[in-house]
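In the order they appear, the protein sequences are chains A and B.
Quick note, the first sequence lines up with residues 1 to 525 if you use the numbering used here.
Quick note, the second sequence lines up with residues 526 to 1050 if you use the numbering used here.
One or more hints might be untrue.
[Claimed, not checked] Computed from the model, here is a short list of chain A residues facing chain B with C-beta under 8 Å:
| id | residue |
| --- | --- |
| 1 | I150 |
| 2 | G324 |
| 3 | A334 |
| 4 | A340 |
| 5 | K364 |
| 6 | P373 |
| 7 | D407 |
| 8 | Q416 |
| 9 | N438 |
| 10 | Q487 |
[Unchecked claim] Heads up, simulated EDC-like pairs for lysine to aspartate or glutamate below, C-alpha to C-alpha not over 16 Å straight-line:
| id | chain 1 | residue 1 | chain 2 | residue 2 |
| --- | --- | --- | --- | --- |
| 11 | A | K522 | B | E554 |
| 12 | A | K434 | B | E1024 |
| 13 | A | K364 | B | E915 |
| 14 | B | K716 | A | E162 |
| 15 | B | K534 | B | E578 |
| 16 | B | K966 | A | E89 |
| 17 | B | K889 | A | D391 |
| 18 | A | K364 | B | D916 |
| 19 | B | K966 | A | E495 |
| 20 | A | K191 | B | E687 |
What the hints contain is simulated information worked out from the structure, not anything from laboratory work.
None of the values given here were measured: they were computed from a predicted structure.
We put the CB at the ideal spot given by N, CA and C, even for glycine.
There are 2 protein chains.
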Amino acid sequence: MAECKAFAKLSELAKNPTDLTAQGVLTPERVRRYCCHGEIFNLLYSCQRVTGEVLDALQELSDECLLVEQFQKMRQGAVLNRILNFPSENRQVLHTACRDLFSEKPACAVATKQAQAELDKLKIFLRELEQGSICNEKGQPFHTLIHVGIGGSDLGPRSIYEALRAYANTKRTIHFISNVDPDDSAQVLAKVDLNRSLVLVVSKSGTTLETLANETIVRAALAHAGLNPNKHCLSVTGESSPMDNPDRYLRSFYMYDYIGGRYSSTSMVGAVMLGFGIGYENLLAFLEGANSQDNASAEKDIRKNIALLAALLGVWNHNFLGMGTVAVLPYSQALHRFPAHLQQCDMESNGKSVCRDGNTVQIKSGPIVWGEPGTNGQHAFYQLLHQGTEDVAVEFIGFRKSQRKKDLIIQKSSSQQKLVANLLAQSMALAIGKSDENPNKRFPGNRTNSILLADRLTPKTMGALLALYEAKIVFQGFCWNINSFDQEGVQLGKELATELLVVMDENRSEGTLVEAFLDVAKMHS
Amino acid sequence: MAECKAFAKLSELAKNPTDLTAQGVLTPERVRRYCCHGEIFNLLYSCQRVTGEVLDALQELSDECLLVEQFQKMRQGAVLNRILNFPSENRQVLHTACRDLFSEKPACAVATKQAQAELDKLKIFLRELEQGSICNEKGQPFHTLIHVGIGGSDLGPRSIYEALRAYANTKRTIHFISNVDPDDSAQVLAKVDLNRSLVLVVSKSGTTLETLANETIVRAALAHAGLNPNKHCLSVTGESSPMDNPDRYLRSFYMYDYIGGRYSSTSMVGAVMLGFGIGYENLLAFLEGANSQDNASAEKDIRKNIALLAALLGVWNHNFLGMGTVAVLPYSQALHRFPAHLQQCDMESNGKSVCRDGNTVQIKSGPIVWGEPGTNGQHAFYQLLHQGTEDVAVEFIGFRKSQRKKDLIIQKSSSQQKLVANLLAQSMALAIGKSDENPNKRFPGNRTNSILLADRLTPKTMGALLALYEAKIVFQGFCWNINSFDQEGVQLGKELATELLVVMDENRSEGTLVEAFLDVAKMHS
Chain A
1 MAECKAFAKL
11 SELAKNPTDL
21 TAQGVLTPER
31 VRRYCCHGEI
41 FNLLYSCQRV
51 TGEVLDALQE
61 LSDECLLVEQ
71 FQKMRQGAVL
81 NRILNFPSEN
91 RQVLHTACRD
101 LFSEKPACAV
111 ATKQAQAELD
121 KLKIFLRELE
131 QGSICNEKGQ
141 PFHTLIHVGI
151 GGSDLGPRSI
161 YEALRAYANT
171 KRTIHFISNV
181 DPDDSAQVLA
191 KVDLNRSLVL
201 VVSKSGTTLE
211 TLANETIVRA
221 ALAHAGLNPN
231 KHCLSVTGES
241 SPMDNPDRYL
251 RSFYMYDYIG
261 GRYSSTSMVG
271 AVMLGFGIGY
281 ENLLAFLEGA
291 NSQDNASAEK
301 DIRKNIALLA
311 ALLGVWNHNF
321 LGMGTVAVLP
331 YSQALHRFPA
341 HLQQCDMESN
351 GKSVCRDGNT
361 VQIKSGPIVW
371 GEPGTNGQHA
381 FYQLLHQGTE
391 DVAVEFIGFR
401 KSQRKKDLII
411 QKSSSQQKLV
421 ANLLAQSMAL
431 AIGKSDENPN
441 KRFPGNRTNS
451 ILLADRLTPK
461 TMGALLALYE
471 AKIVFQGFCW
481 NINSFDQEGV
491 QLGKELATEL
501 LVVMDENRSE
511 GTLVEAFLDV
521 AKMHS
Chain B
526 MAECKAFAKL
536 SELAKNPTDL
546 TAQGVLTPER
556 VRRYCCHGEI
566 FNLLYSCQRV
576 TGEVLDALQE
586 LSDECLLVEQ
596 FQKMRQGAVL
606 NRILNFPSEN
616 RQVLHTACRD
626 LFSEKPACAV
636 ATKQAQAELD
646 KLKIFLRELE
656 QGSICNEKGQ
666 PFHTLIHVGI
676 GGSDLGPRSI
686 YEALRAYANT
696 KRTIHFISNV
706 DPDDSAQVLA
716 KVDLNRSLVL
726 VVSKSGTTLE
736 TLANETIVRA
746 ALAHAGLNPN
756 KHCLSVTGES
766 SPMDNPDRYL
776 RSFYMYDYIG
786 GRYSSTSMVG
796 AVMLGFGIGY
806 ENLLAFLEGA
816 NSQDNASAEK
826 DIRKNIALLA
836 ALLGVWNHNF
846 LGMGTVAVLP
856 YSQALHRFPA
866 HLQQCDMESN
876 GKSVCRDGNT
886 VQIKSGPIVW
896 GEPGTNGQHA
906 FYQLLHQGTE
916 DVAVEFIGFR
926 KSQRKKDLII
936 QKSSSQQKLV
946 ANLLAQSMAL
956 AIGKSDENPN
966 KRFPGNRTNS
976 ILLADRLTPK
986 TMGALLALYE
996 AKIVFQGFCW
1006 NINSFDQEGV
1016 QLGKELATEL
1026 LVVMDENRSE
1036 GTLVEAFLDV
1046 AKMHS
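Build out the structure end to end from the sequences listed, making use of the hints.
Okay, structure coming up:
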């Protein structure tokens, strides 16, 4: 990116970014013009510190870096998960194929065919559960599913299930176990009826330490309850992984090596749990929303492509205006875990220092992503957003209507109206600021933000939201010329943990913990 | 702080911070020396980029800024919540008095007497619930409590309850409603038995918009179920607030204006819910842990005072080494919401730009605080911590033993051992890094971090942990000479939301939302 013509232009423009607090800048005309319209979402970006000139330069950057072309090649199956001249994963990147089910000509037919095959298996399995041909030892239906996974096999599925609980089958419950902390599994096992529970173990490699430990604990609990674990456990894993074993699992659903964990929510990793929890039809609507958004991300005009525009506004804020973090603030309690998923998807994808050609990056790559739902956050950390010394790029997400339609008019407005009024008010307050004689009541303004707005958080909307952010992350990775699809940064910690466990095993008292730390320090100092 | 002699010294030292990756630096000897011992916690800080010289300068800074003296004055009731020469709240800051119950001579006897009186009321109330003299219309005991609050009345209590669920009365359940999003209340109301539910409404002023809206919705649901809301509702509020009304509430418990919302977890704001959920004895242990930590924070030697040392290491990383964010990473699933509470407590306290004398701050004040539990985070955002271009100050929290003691040895180690081995390994990996011929497998190291370590997460430990972080935040505020106890930054958004609701009320169709935004833009442009 640094070698692009547009880069120099943007660096120049960044010296004097628009002053949103100045008279006559944030006008209704600007609000109307700086709105990008999508099928499901609109992006209101009048409170970004941009002008037409900046947008033109961002368009040039997008064109020079071939962002959309690369996105399309990705969808078609190009081997983008690699580092030139060095050993790397060398894989295709085809999470988009999992939902490319709704047209005659999918972008990558082979992968979509594999995805369809797994969906068909799932559909049959769900019908068998429904009809009772799959049931527990006593002939009773399963009403609980325990989803065991970590990272990409946990955060995405969990946050989507939370987002769509309003659409869940009320006779069924989902629990999640992820952490190797034994209190995590103990807490879930203390409240479920194992007789009526399926256990879904999710690991692409079939060798994830935490997941195997938790599976072993749950299997022991099943056995302890007099049940046959092999009749309660399901797996989502790579074909022919150690977890692809019909003796140990009632069913195995496959994911393929061209789907990275953090991009796997629309694969079987998310689909099996969602199919059980919210039903097959809602699952399909979710996939359709994601696919529709993928198609929309192929537009080259940044003013007409929400994901691309969001990516470039992010690059502007991060690389040119110097903001190190992005706060994702959904005005929807159902999205309470979605920022945690994005934190994973974004930071694990773009928290890198090596370009795809093996050289060290010369500019900043991915920012820190964090956030909590509004209005809760307003009563928590917004103080810093408004008056602190750290400048944060804010991404609001909002919906015109509630999911559950249970609301009351109190003091002339419904709770939903209060929610949305607060969202809009925060966006504007951050941008325009306020002067005051009391220095403690002054707001500097010019705190950049945008609002992603849709009608209602439905399965289809959720699919689109997920795909929109996935595309945003990928576009940014292309822009920084990094490999957004590997995660070499997790290896060193794993290696040292293995060394430590060996040292600890030699003396199994818990008091020796710091001694083990000392020993490993000794090996490495 | 900028005018302190130590400031200049630290600025000089920051030009060449210790290189933790160099041969012979991170030795067992260093690990042993850089450990601060407290009654409940130890702070392992060998992986901070400090030397004896840096620590000496931080000690000078602490002495020059009178950090401990101010902390002690705070506990004794000094009016520290104010801005000189300008209208401000002008209040004492006495959250520490709520737990100063265990000595003959509390630091502020008047406030502690008030706290004790409320605790006595609570004790009686809990006994009446236990004995059945308080029960529902049918004479059945209440088994559910719905806690309604937001911000300081929600995040602290919620995160502490989650942390101590292992100690909860299994016959009782707690639910929380906070967001004005109507889906938040709808979701909780869909799953509780209102017949058997108490509703605890928490608002110091008795006028918090979100809380009143949610209370109204829950009262309507009670009435709809044929129940008398006034016989199910409790309140925690200021004496003589609109919510201090025996006609509408079964009981009211008081909090006082000298306790800020985000510091109120050990007041009735947290105590009523905790007393119901984990019992009075556990509540007392929690308060005792907090008090014990408050006493320990009076030590002037930074090498012997964990909270003070953590505060100063934070200042070193933030103001001198330039890190804008702090990641709090507990290796305990029970603490999964504790980072969100700290995010509130820290950022609302110290996200300021005005000094206590009314002048603008000349240095950076509070950082951004974020985090998720390990090992989950290892499979999510740690990639960026290890190999990204943003430098993050990491604060690990860990425990030698699990809460629930349900564990299995798998491949020679228990899950608890795996958890702790990963914690130690991450700390070291971040610090020492790793060279490699493959640039994608290189770890730069020198990523500063420390570990707060205790034996087990009990009620007492949780109290100490909370008080430790509260003191850390307050020490930093003193260092930056800001008022950590007000929150003027939340006002502007509230005002604009009120304006917007008026505009929206004039045309109540939901489609007019963006039009309302335009109208308010017009008013302010």
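Original post:
So which of the earlier hints does this model not fit?
Top reply: none
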